[in-house]
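Construct the complete structure from the given sequences, taking the supplied hints into account.
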Amino acid sequence: MSAECDSELVKKATGGDARAFEALVNRHYATMFKMAFKWCGNRADAEDITQNACIKLARALKTYEHKAAFTTWLYRLVINTAIDMKRHEKRHDHAQAEMDEMQGSDSPEASLYAKEILKEIGRLPEKEKTAILLVFGEGMNHAEAAYVMEVKESTVSWYIHEARKKLDQFNSHQNKERHHG
Amino acid sequence: MDEGQLKKILNDAPVPPVDENAQKIAVNLALAEFAAAQADERNNISQGSSLWGRLTGRSHMKRRDPMKKKIVYGGMATAMVAVLAVGVTFQQGLMGTTSMTPQASINQMQFIEFDRSQTAGASARVESDQLAAAMHGRASEQQVIASVDEKPLERWRKIQDAPRQAANEASAPQRADVPDARLALPESVPVQEMEMADAAMNRAAPVAPAMKMAMTEEKRKAEGVVGSYTAPYVVQPEPMPQDLHKDVGRDKFEDFEENPIKLVQQEPVSTFSIDVDTSSYAFLRKQINAGVLPQKDAVRVEEMINYFDYDYALPDDKAQPFKPSVTVLDSPWHEGRKLVHIGIKGYDIPKTESPRSNLVFLLDTSGSMNEPDKLPLLISSLKLLLDSLKPDDTVAIVTYAGSAGTVLEPTKAAEKAKIIAALENLNAGGSTAGAEGIRQAYTLAEAGFDKEAVNRVILATDGDFNVGITNPEELQDFVERKRESGIFLSVFGFGQGNYNDQMMQALAQNGNGVAAYIDTLNEARKVLVEESSSTLFPIAKDVKIQVEFNPTTVAEYRLVGYETRKLNREDFNNDKVDAGDIGAGHTVTAIYEITPVGGPLAVDGSRYAAKSEASVKPESGEYGFLKLRYKLPDQDTSKLIETPIIAQDTAQTYCGPAQDCEPSAPYASDDVRFSIAVASFGQMLKGSKYTGKMSYDDMIAMAQDAKASDEFGYRAEFINLVRLAKTAAALPANRP
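Each protein sequence line maps, in turn, to chains A and B. Counted from 1, the first sequence has number 89 at position 90 by numbering that gives the first Met the number 0; the numbering is strictly sequential. Counted from 1, the second sequence has number 39 at position 40 by numbering that gives the first Met the number 0; the numbering is strictly sequential.
By construction, these hints were calculated from the structure, which means they are not laboratory data. Idealized CB from N, CA, C, for every residue including glycine. Among the hints, a few may not be true.
Footprint (simulated), chain B over chain A, 3 or more residues, beta carbon under 8 Å [unchecked claim]:
#1 111-120
#2 131-145
#3 154-164
This is the structure:
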């Protein structure tokens with residue numbers, strides 16, 4: 000799964016080679032699904048997001064300029080897809096907004112604390128959540144995250160700062176409750 | 000909180016494994032879009048036709064707000080739900096959780112989509128344990144509350160037991176693959192239980208004729224118009240009717256019984272019309288995926304079989320559009336009986352030779368279409384269809400809601416941007432004057448009638464016609480008259496809950512048409528892109544099949560499916576009698592189960608009938624004689640194809656690893672065996688009167704073995720469906 004192979008496939012696919020495109024989608028489906036799942040926290044939505052991202056890829060591929068790694072570029076696609084879908088849904092049904100929070104994992108192994116933090120991350124404003132997921136979840140540096148999010152590096156730093164402030168607040172609030180209760 | 004901690008939490012958050020089928024679907028759709036993008040580039044059309052933003056309608060259904068669920072008055076079963084709701088609400092009051100209103104009615108039950116594969120074993124176990132515990136704990140209290148009437152109490156106990164059993168079963172470690180996500184829904188326990196009880200009730204109650212609309216017309220309208228109609232909270236049980244009946248959604252199906260076993264002595268000739276519709280399969284797939292077994296009238300076995308593409312032999316020359324392939328093999332359902340498997344494949348018109356199309360889209364834009372899996376999906380589907388049209392094909396659009404109107408005059412497909420703009424402007428609202436729309440669509444198709452082209456009206460609707468002519472028979476008469484004009488009709492069904500299958504079938508069968516049901520974008524791709532030539536180009540019409548069985552070799556026979564397509568013996572030679580059409584590349588399969596003379600009879604012989612110990616005739620080497628009549632699309636007189644059915648095994652059925660099989664004949668082809676697996680499943684869903692001791696597992700094994708290359712994953716999807724049905728059927732032990 001070397002980067003060179005990716006870019007070769009991309010070149011072939013943009014040239015109109017459906018096989019190359021198919022191989023590309025098949026190769027990266029799991030990665031995209033994983034990104035999507037982390038973003039929305041449940042399988043059904045993650046599958047929908049991934050499906051739409053795959054469809055979008057068919058036309059968007061030619062805009063990939065080989066500057067960043069293909070997977071990094073895919074992040075941008077998946078996350079934009081997720082955000083677009085969420086907006087689209089909101090327009091259609093306001094009542095759903097509340098249910099869109101990140102559900103964390105259903106796994107009982109994850110500690111309650113981790114679950115709560117994940118939930119809290121899910122409740123962050125879109126951009127802050129994305130920044131957190133990219134930087135802490137995927138281990139990107141701020142410059143890479145900035146590329147994915149199509150903003151300046153300093154903006155990413157700001158999002159991270161804001162998000163951490165909120166999470167810390169939540170944290171200390173929790174601690175206080177624990178002490179008093 | 001430090002960075003490391005945050006990283007750890009995010010990295011530890013488990014991600015479920017990829018679902019192979021979901022991947023296949025995504026890849027298929029992406030490829031369709033890729034092809035469309037390439038085509039656009041060639042034609043220099045920028046954007047516009049993108050699939051992006053098209054909805055699968057899947058997740059949206061699932062996330063339906065529980066507050067919006069409605070209670071429908073009607074029948075005993077609903078009354079039971081009302082009683083239940085009282086109990087649960089009471090309970091909730093105690094617990095202080097008021098966020099959920101468990102108003103799940105039987106109808107709404109079907110809307111809640113459960114993600115089958117989401118359930119990782121571990122979480123399923125934990126949650127179902129909780130569920131079971133909760134059920135045990137609360138059983139006594141609920142029984143007290145539920146004791147409004149003697150009979151309901153009994154029923155209630157039964158219902159209550161079933162899910163508990165299931166929950167226990169699900170918690171057993173070896174059942175890690177339990178695909179029933181109801182157990183894992185992260186909702187409060189009372190709601191889960193409601194749903195399970197509902198599901199149990201759905202199956203426990205016999206499918207009574209009452210499902211044919213227990214509701215009043217007004218009520219149906221009121222609910223059909225706006226999706227978010229909220230019924231008042233129901234607390235009083237309705238007076239109990241004498242016999243138990245229930246209202247299974249408002250999906251309307253014609254009711255029919257399975258074909259019985261016939262005695263060759265009494266009725267040696269079987270006649271029916273072919274049927275290439277696929278809507279039944281798509282519809283029941285949607286239901287089973289939602290964790291509900293479909294109502295029996297929704298199951299048309301032949302449509303399930305014909306959903307799949309089979310590689311039967313093609314005709315040798317083009318003068319004859321198709322040829323039947325007959326296979327005789329042992330029946331997997333009963334020892335000693337045989338199956339006569341008749342497969343027909345029409346020749347495929349190469350893309351370059353295909354005729355032009357003159358299409359009129361007749362689109363339902365009434366209020367009832369205002370749901371993600373209806374109008375938006377319909378618009379996306381038609382965009383897909385546009386991609387498979389040739390530049391000089393013409394397209395017109397007529398919509399109907401409260402009134403009918405022409406949205407787009409006949410336009411060349413080359414002006415794609417214009418057509419797409421018209422499609423995207425569509426909005427849903429108002430009631431449904433379906434008949435008026437049909438009239439206008441036919442007028443438009445006649446105006447643009449092209450002798451060289453295929454003239455076709457494509458009707459897309461949920462079938463809920465409620466203004467103007469609402470009687471299926473009158474509409475049927477109308478399309479029947481229009482049939483003479485040479486205009487074909489395709490009916491695409493959308494949505495669920497209000498779906499009027501009976502109307503669709505009536506229209507398609509009488510208007511030289513086919514009916515398909517579109518539940519997802521992937522299904523739209525199958526019908527409109529992959530099978531566009533069979534969807535658009537008929538190669539033969541009024542195709543009838545007649546089989547005469549030989550009484551000296553065959554004692555009994557039974558036709559699998561085609562119940563709604565029966566014809567009289569004399570209709571076969573009467574060219575005025577309408578029958579089904581075959582499109583380019585379509586496959587049609589019919590299966591008879593026969594009992595050879597001397598085999599295990601289902602019907603006792605007559606004591607008094609004259610023994611027909613006739614001398615052995617030369618035809619005794621035949622089980623019967625197959626006759627096929629068809630008309631070429633532009634002709635009015637039929638042609639005949641005949642072939643004898645040899646009384647000898649031509650192939651061998653699937654034999655499981657446990658069986659000891661002597662290869663007496665070559666193995667039946669994957670296609671034949673797969674179609675038999677589908678037939679088995681269909682009959683099982685219909686009540687399994689005739690499938691003997693065959694189990695879901697046998698079907699899975701049989702289908703798995705015959706999966707072949709399965710390029711688009713449809714067969715894999717079928718196998719998955721059988722697995723789901725198996726789990727769903729296991730919930731209540733008592734199948735009616």
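Going down the list of hints, with the structure as the test:
Counting residues of the region 111-120 of chain A whose CB falls under 8 Å from any CB of chain B gives 4; the rule of at least 3 is met. With 5 residues having a beta carbon nearer than 8 Å to a beta carbon of chain B, the region 131-145 of chain A meets the requirement of three or more and the stated coverage holds. Taking a C-beta to C-beta cut-off of 8 Å, the region 154-164 of chain A contributes 1 residues in contact with chain B, too few for the three needed, and the coverage statement is violated.
Checked against the numbered hints listed earlier, the structure breaks hint 3 alone; every other hint is satisfied.
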